[in-house]
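A.B. asks: Quick note, the sequences are listed as chains A and B, same order. The first sequence begins at 1 in the numbering used here and counts up one residue at a time. The second sequence begins at 261 in the numbering used here and counts up one residue at a time.
Keep in mind that the hints were calculated from the coordinates and are not lab data. Treat the numbers as computed from the prediction; the structure is a model and nothing was measured. The C-beta atom is built at its ideal place from N, Cα and C for all residues, glycine as well. Hints should not be assumed to be uniformly reliable.
As the list claims (entries may be wrong) - Okay, the calculated bits of chain B under chain A, using three or more residues with CB under 8 Å as the criterion: (1) 366-376; (2) 405-416; (3) 460-470.
Next come the chains, spelled out residue by residue.
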Amino acid sequence: MTKQSPLRITYKALAVALLLYALIYGLLAEIPVSPQMGSQLGQSARNLLYHVPNWFAMLVMMGISLYHSIRVLRLTDPDREQTENPLRADIKANESARVGVMFNILGLLTGIIWARVSWNVAKEATSFSAWWGWDPIQTCALIALLIYLAYYLLRNSIEDPEQKAKVSAVYNIFAFMTLIPLFFVIPRILDGLHPTADGGAVLFKKEGMNNLLRTILYPGMIGFILMGVWIYEIRSRATTLRFRWQEWQSNQEYDNSHQS
Amino acid sequence: MWQELRVLLRKEIMLEWKQKYAFNGLLLYVLSMSIVIALVFRDELNPSNWNLLLWLMLLFAAINAVAKSFLSEKPEQLRYLYTLARPAAIILAKFIYNAGLLALVALLSLGVFAFLGEQHFHDPLAYVGLVLLGSLSLAANLTLVTAISAKAQNQSTLLAVLSFPLIVPLLLMLVRLSDTALTGTGANQGEGFLGFLLVLTVILVGVSVILFPFLWRE
Numbered sequence: 001m002t003k004q005s006p007l008r009i010t011y012k013a014l015a016v017a018l019l020l021y022a023l024i025y026g027l028l029a030e031i032p033v034s035p036q037m038g039s040q041l042g043q044s045a046r047n048l049l050y051h052v053p054n055w056f057a058m059l060v061m062m063g064i065s066l067y068h069s070i071r072v073l074r075l076t077d078p079d080r081e082q083t084e085n086p087l088r089a090d091i092k093a094n095e096s097a098r099v100g101v102m103f104n105i106l107g108l109l110t111g112i113i114w115a116r117v118s119w120n121v122a123k124e125a126t127s128f129s130a131w132w133g134w135d136p137i138q139t140c141a142l143i144a145l146l147i148y149l150a151y152y153l154l155r156n157s158i159e160d161p162e163q164k165a166k167v168s169a170v171y172n173i174f175a176f177m178t179l180i181p182l183f184f185v186i187p188r189i190l191d192g193l194h195p196t197a198d199g200g201a202v203l204f205k206k207e208g209m210n211n212l213l214r215t216i217l218y219p220g221m222i223g224f225i226l227m228g229v230w231i232y233e234i235r236s237r238a239t240t241l242r243f244r245w246q247e248w249q250s251n252q253e254y255d256n257s258h259q260s
Numbered sequence: 261m262w263q264e265l266r267v268l269l270r271k272e273i274m275l276e277w278k279q280k281y282a283f284n285g286l287l288l289y290v291l292s293m294s295i296v297i298a299l300v301f302r303d304e305l306n307p308s309n310w311n312l313l314l315w316l317m318l319l320f321a322a323i324n325a326v327a328k329s330f331l332s333e334k335p336e337q338l339r340y341l342y343t344l345a346r347p348a349a350i351i352l353a354k355f356i357y358n359a360g361l362l363a364l365v366a367l368l369s370l371g372v373f374a375f376l377g378e379q380h381f382h383d384p385l386a387y388v389g390l391v392l393l394g395s396l397s398l399a400a401n402l403t404l405v406t407a408i409s410a411k412a413q414n415q416s417t418l419l420a421v422l423s424f425p426l427i428v429p430l431l432l433m434l435v436r437l438s439d440t441a442l443t444g445t446g447a448n449q450g451e452g453f454l455g456f457l458l459v460l461t462v463i464l465v466g467v468s469v470i471l472f473p474f475l476w477r478e
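Construct all of the structure, not just a fragment, from the sequences and the given hints.
C.D. replies: Right under this line is the structure:
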């Protein structure tokens, strides 16, 4: 492996700095309490800073996964020159989807907790609806999770590595193409509680979300995305090493068996 | 291309006509489901729930109908087919056949279901249009997923697992739009979403045609 380039060190340092800034300043800064927010939201509005970035980080990771899936298909195309082993691209597609799933689960969990204290305070803590309200965006997030779990099931049910890389890449691209347009339309058809839905809560529109929150939210978002890229890079490098090690081992075995 | 498409479609229809079990099986399924629902609910079913049950029935009919297209053919048969025609023609022929079969089944089951449920439509034309459009987009969605799951083991379980999350958002949308067409209540922004559904179906077919050549090559 090559030495760490300055760019790599910079982005990691930036990730740490931005996350620390979002974490510390996000908890210390004074939260705007507009009359609309009232007692219903109050201090829990800080969760915005730790809930929303997960989704943007997830989208970025899924985008990286899509990119590498397209590369898998291009590299397995016999009409093109093979510049790289398609299995390496498959490792990257797989690992970035995995980090995306991590952000998805984190986003769902932070959302569930937030929904409990802001939308469903009145409900009994033991009832299911106190934690989950089938809000359209919530539902879409759950469906995205199901898609990527299906992606892993598909991967597990194919033996041949090259075939696995290709088939799962096709599913990944197809799923991405079908879902992204729907996720933009469904919150408009079904009424929801999220601030982006028409007729939903207006807490963070215009005055509600003031500059202070913005100055923390956007840097924090970049921090989350950089952290995701960092995790993904470590994971894919580890898996690539393992892959090369196995390749080397099987080559050794092959050589040994032919010598004797 | 046209020639290939015509021959492939003819092959599908001839096969169906010879065996007849897929279409008849679907009809029987739809009929027995309608009877069970009519028996259980009698007059207690309100229009919205009736609508929901119809779409659920169509969903399972669609999965059963489309599952036949790649899963029932042996790998050797498929390989032989791939030497004869271009992959784009094969997937397009499968899609057109699936869409036609689904549309036919959907219309028939709509008729039976409406007759047994004594349903009055606020906007019958829009409702029929939605059912047709729904079967088109379900077929577009399911055809490629069937081809994908045909590549793996435990195919029939995988088909359900892979296709459900892709279909649920579509189904949510169809249920909501057709509910408006049925009862006449709710947001009146149907036309825009109809256009969107049509565009989405075209995109899905396009993506399937692009991706399928990568899938069949071994």
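A.B. asks: Hint compliance check: list the failing hint numbers for this structure, sorted ascending.
C.D. replies: 1
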